[in-house]
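K.L.:
Residues per chain are reported as follows:
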Amino acid sequence: MLPNYASPIERIWFWTFRILCVSVLIFLVSPLLVIIPLSFSDNTFLLYPIENFSLRWYHEFFGNEVWLNSLKNSFIVAPVATLLAMVLGSLAAVGLTSSDFPGKSLLMSILISPMVVPVVIVGVGAYLFFAPLGLTSSYLGLILVHTALGVPFVVITVSATLGNFNANLIKASANLGANPLTTYRRVVFPLIAPGVISGGLFAFATSFDEVVVTLFLAGPEQSTLPRQMFGGIKENISPAIAAAATVLILFSIALLLTLEWLRGRAEKMRTAAVH
Amino acid sequence: MSETMTMNAPLTAADGESLKVKLARERRNKQLKAIALVAPLALFLLLTFLVPIAMLLKRSVDNPEVITYLPQTSAEIAGWDRRGLPSEAVFAAMARDLTIAKEQKTVSEISKRLNMDISGFRSLIQRSARKMPLEVAAGESVRDQFIAMDERWGDPEHWHVIAKNAKSWTPYYLYSSLDLRETKAGTPELAPEEERAFLSIFGRTLWMSMWITLISVLLGYPVAYWLANLPARKSNLLMILVLLPFWTSVLVRVASWIVLLQQEGLINSALMGLGIIGEPLQLAFNRTGVYIAMVHILLPFVILPAYSVMKSIPPTYMRAAISLGDHPFAAFWKIYFPQTVAGVAAGALLVFIMCMGYYITPALLGGPQEQMVSYYVAFYTNVTINWGMAAALGSLLLVATMTLYAVYSKLVGANKLSLG
Chain B
1 MLPNYASPIE RIWFWTFRIL CVSVLIFLVS PLLVIIPLSF SDNTFLLYPI
51 ENFSLRWYHE FFGNEVWLNS LKNSFIVAPV ATLLAMVLGS LAAVGLTSSD
101 FPGKSLLMSI LISPMVVPVV IVGVGAYLFF APLGLTSSYL GLILVHTALG
151 VPFVVITVSA TLGNFNANLI KASANLGANP LTTYRRVVFP LIAPGVISGG
201 LFAFATSFDE VVVTLFLAGP EQSTLPRQMF GGIKENISPA IAAAATVLIL
251 FSIALLLTLE WLRGRAEKMR TAAVH
Chain Y
1 MSETMTMNAP LTAADGESLK VKLARERRNK QLKAIALVAP LALFLLLTFL
51 VPIAMLLKRS VDNPEVITYL PQTSAEIAGW DRRGLPSEAV FAAMARDLTI
101 AKEQKTVSEI SKRLNMDISG FRSLIQRSAR KMPLEVAAGE SVRDQFIAMD
151 ERWGDPEHWH VIAKNAKSWT PYYLYSSLDL RETKAGTPEL APEEERAFLS
201 IFGRTLWMSM WITLISVLLG YPVAYWLANL PARKSNLLMI LVLLPFWTSV
251 LVRVASWIVL LQQEGLINSA LMGLGIIGEP LQLAFNRTGV YIAMVHILLP
301 FVILPAYSVM KSIPPTYMRA AISLGDHPFA AFWKIYFPQT VAGVAAGALL
351 VFIMCMGYYI TPALLGGPQE QMVSYYVAFY TNVTINWGMA AALGSLLLVA
401 TMTLYAVYSK LVGANKLSLG
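Residue numbers (full-length UniProt numbering), protein chains in the order written: chain B, 1 to 275; chain Y, 1 to 420.
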């Protein structure tokens, strides 16, 4: 807070700084707040002011074969890709943190690279490779590439969790008579689980929000929710998109809350484990 | 006496084996176990990610058309001395190749490829193929017949193009992506000004990425500083305002920005309602719109790492500097800021890298002047189906991204990448 003896320049600076920060935060959330009310509008255009409220765009969204199909596809592709990414990524992270071997940092860079390679390149490359194998316009092709895009997040979060892991706990557990499997199940896994799950959430969000690879790889049968929205925004932007957006915003709130809850739990477990 | 004995003798484990050997074996076992754990993911990424990218890179220099569909001509023309017109044998081979191409309906593949080098080649090939097979009487020259059919066959320039493309790889697409073309000597030269297109697109990509990164850092740094220095309860609450957009689908945000920025959108009607402007501003479908939406998408990527760096700086440093007589601004600049530079620069570099490959936002919120390299990769893939150009532009974009990523890994270490 500003002390009483602050000079006028300090006062001006203090308030400019505050106003700047608050405006940036408003800038960050306003788009999310703006679109939600429009989904309840009766109007066929996405315009304010809203004259009559109705649920017609939710009926449109949940009653339309195309939207429902894309929602269903998203809920097929994203969970499977997430599960694969969690398994492969966690194993790799355990391997990477357990021992040093030649070329480790290069390998780590390569495993993380799907995060930085432009998705268009991944999409075109996957198309070139998958088309002769008959994997385009298939769920399998889409799932495989989405897994690759999501896996770096799992590797990063699990590695970070393992970095904080106290190896003496394993020795203590063995010392108390537990066999390696019991040690893993009762000691190691509960401690790294928050890392695995939060990595999984990132991987899920990546797949759930992925458009570009889907544009190249998926046929109309595999069109996902973001792909459908992309097409919708490009062609004619109807309030059904606002309804879809609202559903997605609620979904991201759920993801965020889960993640924060996990983080709090991990923090508690870590402090409990140390004491 | 016995003490010196044990000092000199090699250390052994309980079973009498040398401890050194045993430890080395133990370490090797551990390494092998580690590699075995990483192997499934490495193999998976090899097949779903690295091989596809390698295919893209290969495709950028791939030149299969002429050698596949004009095989005999390709073989014959190799012996041509590149002076005057090729020999009778080359023309005869061309006649045979075109006859086969006509039967197998591959004429369009050949003509499409050759037309890239000389426009009008398409019609020349197609018209000639239609007249195949040639009726050549004994003693008559195939060459003369070809030239009689279309005088362009008498132009060595066309044969140079065929000869140039009669090998399985070509720098053509990569050169074109850099606005270069191949001279007769085989060296690259800059294309004439009116034919240049891609250098300015690469320039635009870098330019826009630079501005978006700069704006994001300028807006994100103060917010991160503010949040890092607020009491925990307040900052956790405000942090949600940063995290929520971060977790929200990019498409939702782009749709919202269109609602806000369009001609009849909320911002324009608010400004007009307040009487600040007389007619609506053009905010969407131009560079302003792309900048606004991109900064919105990338701001959390600046704020989150900056925040975690700032959280780790003890507030006592600033207090010490101020109590030693520094002005708060000076203390910030000399003590606080230098400690944040590395972390913020790393975040900024990551944002720049992400920006360079962006496709969705410019595609939905930009006009033709805002499209970056990614857009043209998609354009050549989906619209004109020119794999060579798509792959070449993609490869160059990949090289640029990977160079910056290598710098990033060197500076930060890929394993230090944090997710906020």
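These are computed hints drawn from the structure, not numbers from a lab. By construction, the Cβ of each residue, glycine as well, lies at the ideal position given by its N, Cα and C atoms. Don't take every hint at face value.
[Unchecked claim] Covered stretches of chain Y, going by a simulated chain B footprint (3 or more residues, C-beta under 8 Å):
{"id": "1", "segment": "193-201"}
{"id": "2", "segment": "243-250"}
[What the hints assert, rightly or not] So the derived label-pair ranges between C-beta atoms look like this:
{"id": "3", "chain 1": "B", "residue 1": "Lys-234", "chain 2": "Y", "residue 2": "Glu-264", "range": "14 to 22 Å"}
{"id": "4", "chain 1": "Y", "residue 1": "Val-383", "chain 2": "B", "residue 2": "Ala-167", "range": "34 to 42 Å"}
{"id": "5", "chain 1": "Y", "residue 1": "Thr-288", "chain 2": "B", "residue 2": "Leu-133", "range": "40 to 48 Å"}
{"id": "6", "chain 1": "Y", "residue 1": "Gly-275", "chain 2": "B", "residue 2": "Ser-54", "range": "30 to 38 Å"}
{"id": "7", "chain 1": "Y", "residue 1": "Gly-84", "chain 2": "B", "residue 2": "Ser-137", "range": "46 to 54 Å"}
[To be verified] Covered by chain Y, per the in silico footprint, the following chain B stretches (three or more residues, Cβ under 8 Å):
{"id": "8", "segment": "51-63"}
{"id": "9", "segment": "98-111"}
{"id": "10", "segment": "134-147"}
{"id": "11", "segment": "206-218"}
K.L.:
Each hint should be assessed against the structure and marked as holding or not.
P.N.:
Right, here's what the structure says about each hint:
Only residues whose beta carbon comes within less than 8 Å of a beta carbon in chain B count, and the segment 193-201 of chain Y has 0; fewer than three means the coverage is violated. With 7 residues bearing a CB less than 8 Å from a CB of chain B, the segment 243-250 of chain Y meets the requirement of three and the coverage assertion stands. For Lys-234(B) and Glu-264(Y), the Cβ-Cβ distance of about 19 Å falls inside the hinted range of 14 to 22 Å, so the restraint holds. Remark: the range hint 34 to 42 Å for Val-383(Y) to Ala-167(B) is contradicted by a beta-carbon distance near 56 Å.
Between Thr-288(Y) and Leu-133(B) the beta carbons are some 44 Å apart, a value that agrees with the proposed interval 40 to 48 Å. Checked against the given bound of 30 to 38 Å, the beta carbons of Gly-275(Y) and Ser-54(B), roughly 32 Å apart, stay inside it. In this structure the hint that Gly-84(Y) and Ser-137(B) lie 46 to 54 Å apart at CB holds, the actual value being about 51 Å. A count of 0 residues in the segment 51-63 of chain B with a Cβ less than 8 Å from any Cβ of chain Y is obtained; the coverage claim is therefore unmet, three being the minimum.
Three residues within the 8 Å Cβ limit are the bar, and the segment 98-111 of chain B against chain Y gives 10, so the coverage statement holds. For a cut-off of 8 Å, the count of residues in the segment 134-147 of chain B with a CB near a CB of chain Y stands at 3, and the three-residue condition holds. For a cut-off of 8 Å, the count of residues in the segment 206-218 of chain B with a CB near a CB of chain Y stands at 6, and the three-residue condition holds.
In summary, the structure is inconsistent with hints 1, 4, 8 from the numbered list given earlier, while agreeing with the others.
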